[in-house]
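Chemist: Protein chains in written order, with UniProt numbering: chain A, 1 to 266; chain B, 1 to 425.
These aren't lab readings, by the way, just hints derived from the structure by calculation.
Treat the hints with caution; some may be incorrect.
In the BS3-like style, the derived pairs of lysine-lysine whose C-alpha atoms are separated by at most 30 Å in a straight line are [as the list claims (entries may be wrong)]:
| hint | chain 1 | residue 1 | chain 2 | residue 2 |
| --- | --- | --- | --- | --- |
| 1 | B | Lys227 | A | Lys100 |
| 2 | A | Lys259 | B | Lys227 |
| 3 | B | Lys227 | A | Lys28 |
| 4 | B | Lys373 | A | Lys28 |
| 5 | A | Lys116 | B | Lys368 |
| 6 | A | Lys28 | A | Lys100 |
All figures in this text were calculated on a predicted structure; none of them were measured in a lab.
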Amino acid sequence: MFPELNNLLNTTPDRAEQGKLTLLCDAKTDGSFLVHHFLSFYLKANCKVCFVALIQSFSHYNIVGQKLGVNLTMARERGQLVFLEGLKSAVDIFFQAQEKPHPLQFLREANAGNLKPLFEFVREALKPVDSGEAGWTYPVLLVDDLSVLLSLGLGAVAVLDFIHYCRATVCWELKGNVVVLVHDSGDVEDEENDILLNGLSHQSHLILRAEGLATGFCRDVHGQLRILWRRPSQSTSQRDQSLTYQYKIQDRSVSFFAKGMSPAVL
Amino acid sequence: MAAVATCGGDAGSAGSAVATGSKSNVTSFQRRGPRASGTNDSGPRLVSITGTRPSVRNGQLLVSTGLPALDQLLGGGLAVGTVLLIEEDKYNIYSSLLFKYFLAEGIVNGHTLLVASANEDPANILQELPAPLLDDNCKKEFDEDVYNHKTPESNIKMKIAWRYQLLPKMEQIGPVSSSRFGHYYDASKRIPQELIEASKWHGFFLPEKISSTLKVEPCSLTHGYIKLLQFIQNIIYEEGFDGSNPQKKQKNILRIGIQNLGSPLWGDDICCTENGDSSHSLTKFLYVLRGLLRTSLSVCIITMPTHLIQNKAVIAHITNLSDIVVGLESFIGSERETNPLYKDYHGLIHIRQIPRLNNLVCDESDVKDLGFKLKRKLFTIERLHLPPDLSDTVSRSSKQDLAESAKRLGPGCGMMAGGKKHLDF
């Protein structure tokens, strides 16, 4: 996790909020550093994490996690981390017939399927173990990323249903958190992606949006992060609080600074 | 809390932990196994495979794309287990040349090739590969070329324009020996027949593999893609690229080349209609292909006619599902061919995406406007620079012409809105 981002979000692993949906979104840049942050944050907070990694392999997250101070292999061995590796499972599903339903069953189907098997997998992974050993604090579901599900043929409605079921189970029933990443396609007209993004934006408590700079590529400032706190269930007259920072990604951390206050400029 | 998490990492249980621990001293050249097959490899005791080298940044195994200029822009080379997607130029001239450079590099290094095409027999493709320039016989010819183009005083320290001395030189300055990483090729000569015969290659020619079109059951992928995936998986499994045959003595890399993927010849209709029946066939294919590559010692190049794809959202999906995306734009047939600005170049090359593998950062080059030029023995990629305005009568209209064309230069990846209105001054 990045200590500076923890300060900006005003959280620490000890006293993080529960029952929240966090939406990570990136536009014209790569927002995967946020996924690494939340993965190491929740592992350090001693939560039970179910990570649906659809876009990269396990060793990628493991190596970056070691730079951030968590060991995913050990976490997986002691049961703290349940890792679904999308790429490896896709090969298994595609080339071998499966007897029991696989979480990524929709890859074999011709029509647009639904994500019910994936939800069953998540629910099974995060359900509280009754034996009472190694008490984890609360369950967390992490998905990287949802836009891949759209590009593999699922409809936006199917993905929204899946997130709805996950939220009902993980956030409301088990008092845990859900963190998802969606790519924003920007000026490319991708209707399904826009439906998904708008639908999730209205449901989430915290939105972190990583954007590229409007003036183009810069070596010292890699992008801009907009943080938006929302209260979706209560209709309040207060405005949602929003902050904007610029960031630079380094090898083991990310440094944040106010707009225009990059150390390269000052 | 931090101590609990890091004590496991310090124990160094996986081989990769050792390498990342010593990341700070890059000069130790701690070679690691290919990051994907960590379950089968026995840790950091690495076999050195010909034609590969570890990345300076994180020890990942890299192969050359066949173009040393492109290798430099991609951060040293192509990582094993990744997909290089080339967005074809309009008439498929330079993209097929890059495709051939990639395959020729495989032959020179002794890698196994897998060539898949729907419109050309792989045996013919291999016949047309360019001949490699190996050290001895061509060094003198190359030196003559260099002297014709450069002035002899290029190495003298600049006295007046001394700031320009600090600018990096982008051009390559000489051929490399055959044991080094990237090689140069002579585009006008064919590869010697004995090199092709000595190499191991597998061909997938779509009209041969698809026997009849009658018994095609509705499936999630187009028939041609299914056959190709099964073919690739077969080769990987049988020849042990995924570590399944441990008695193989020498590890090797499988170079997969797929030509014109997504064109109607593959049975896919994304280039014909906007919302066809098989609109997700190509993305599913890329996903399963990447899964295959991540778990084996292979690397793949795909050329795709993205300028023909009707639905622009699909291009965004394809970009997200590939690792490295390079777009080529040639000037042939466009109005830029006669534009005096671009007279030194044959086209533009856009590096649209570079992956962040095992890392938070990636080796993005600072230069976003890149032009390429194909000389007989050299495919150069360099920073696009405007030629000096040396005309005698510098009229107002020609200056406006230059300014207008300069605005069209790509604002680079990572930008939000159209950069024009922010840079008008």
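Chemist: Now, for every hint given, state plainly whether the structure supports it.
Modeler: Results of checking the hints against the structure:
1. B:Lys227 to A:Lys100: 25 Å, holds
2. A:Lys259 to B:Lys227: 52 Å, violated
3. B:Lys227 to A:Lys28: 35 Å, violated
4. B:Lys373 to A:Lys28: 29 Å, holds
5. A:Lys116 to B:Lys368: Between Lys116 of chain A and Lys368 of chain B the Cα gap is close to 44 Å, so the pair fails against 30 Å, i.e. violated.
6. A:Lys28 to A:Lys100: This hinted pair is violated, its Cα atoms lying about 39 Å apart.
Violation of the numbered hints given earlier is confined to hints 2, 3, 5 and 6; the remaining hints are satisfied by the structure.
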